[in-house]
Amino acid sequence: MSLSDLKPVPADQLTFRMPPAFATVEEERRHRKERLTAALRLFGRFGFEEGVAGHITARDPEHTDHFWVNPFGMSFKQIKVSDLILVNHEGQVVEGRHHVNQAAFAIHAMVHQARPDAVAAAHSHSVHGKALSSLGTLLEPLTQDACAFYEDHGLFDDYTGVVLETEEGRRIAAALGSHKAVILRNHGLLTVGDSVDAAAWWFITMERSCQAQLLAKAAGPTVAIEHENAKLTHGQIGNDFVGWVNFQPLYDQIAASDPDLFD
Numbered sequence: 001m002s003l004s005d006l007k008p009v010p011a012d013q014l015t016f017r018m019p020p021a022f023a024t025v026e027e028e029r030r031h032r033k034e035r036l037t038a039a040l041r042l043f044g045r046f047g048f049e050e051g052v053a054g055h056i057t058a059r060d061p062e063h064t065d066h067f068w069v070n071p072f073g074m075s076f077k078q079i080k081v082s083d084l085i086l087v088n089h090e091g092q093v094v095e096g097r098h099h100v101n102q103a104a105f106a107i108h109a110m111v112h113q114a115r116p117d118a119v120a121a122a123h124s125h126s127v128h129g130k131a132l133s134s135l136g137t138l139l140e141p142l143t144q145d146a147c148a149f150y151e152d153h154g155l156f157d158d159y160t161g162v163v164l165e166t167e168e169g170r171r172i173a174a175a176l177g178s179h180k181a182v183i184l185r186n187h188g189l190l191t192v193g194d195s196v197d198a199a200a201w202w203f204i205t206m207e208r209s210c211q212a213q214l215l216a217k218a219a220g221p222t223v224a225i226e227h228e229n230a231k232l233t234h235g236q237i238g239n240d241f242v243g244w245v246n247f248q249p250l251y252d253q254i255a256a257s258d259p260d261l262f263d
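Residue numbering for the sequence shown follows the UniProt record's numbering, starting at 1 and increasing by one per position.
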């Protein structure tokens with residue numbers, strides 16, 4: 001083939017995945033549960049587990065004051081779609097045969113209540129998120145990836161023990177505000193998104209941004225991205241559609257390597 005034979009492929013003939021549309025609420029529910037299970041498996045693969053701590057929730061598309069969540073005491077690495085439990089606004093399990101983590105209910109119920117736009121929320125005790133949270137500081141715009149959170153994450157600047165009361169969940173939701181993420185001091189990270197995919201991706205990349213900031217600060221003086229450029233970059237990479245897009249290769253990987261998650 002000569003160079004003259006190479007012609008640009010028309011843009012309308014190139015493929016690009018977009019978020020799916022659903023014909024029925026049952027289809028959408030199944031999709032959210034599959035993405036939730038895949039996200040939990042990925043959290044396990046990335047080492048975000050700490051015993052029984054950590055949870056990801058997905059709002060039910062029909063009963064919007066209910067959410068699907070991983071069962072208490074089950075490894076992220078082994079969860080299947082059939083293991084997920086459905087919890088109502090009072091913290092009662094209405095579908096499934098496992099207990100709910102009371103901290104998951106106390107935090108996530110209040111976040112979902114305060115943020116009707118949030119389909120999913122993710123929280124876990126990941127190492128670098130915990131480490132940065134102990135400093136009581138926000139993420140700085142030190143890297144392009146960290147700019148996704150520039151002026152778009154809060155700090156819950158308090159710690160009073162394991163979150164078991166909904167009042168504490170309300171305070172966390174207030175610290176989150178309209179942002180995509182909040183750092184819980186001495187605790188870890190929490191992210192939200194308009195899809196399970198986005199919420200999970202924001203947690204994954206926030207954890208990595210925490211790691212990058214800790215490494216950079218330990219190495220020596222840092223150079224932050226200037227305000228205007230950080231704002232510009234946030235506008236380019238900080239929306240939930242971009243979060244959804246970034247999650248797709250990870251979903252493909254876990255779906256291929258762990259097909260049993262769909263059982």
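Simulated from the structure, these hints should not be mistaken for lab results. A hint or two may mislead.
[Said to hold, decoys possible] Okay, derived cross-link-like pairs now, DSS-like style, lysine-lysine, Cα gap no bigger than 30 Å in a straight line: (1) Lys130 x Lys217; (2) Lys130 x Lys231; (3) Lys77 x Lys7; (4) Lys130 x Lys80; (5) Lys231 x Lys217.
Hints, verified against the model:
Restraint check for Lys130 and Lys217: satisfied, since their Cα atoms lie roughly 16 Å apart, inside the 30 Å limit. Among the hinted pairs, Lys130 with Lys231 is consistent with the structure: their alpha-carbon atoms are about 26 Å apart, no more than 30 Å. In summary, the hint linking Lys77 to Lys7 is not supported, as the alpha carbons are separated by about 46 Å, beyond the 30 Å threshold. The hinted pair formed by Lys130 and Lys80 meets the criterion: a straight-line CA distance of about 27 Å does not exceed 30 Å.
Our distance criterion of 30 Å between C-alpha atoms is met by Lys231 and Lys217, whose separation comes to about 22 Å.
Hint check: a violation occurs at hint 3 only; the rest are consistent with the structure.
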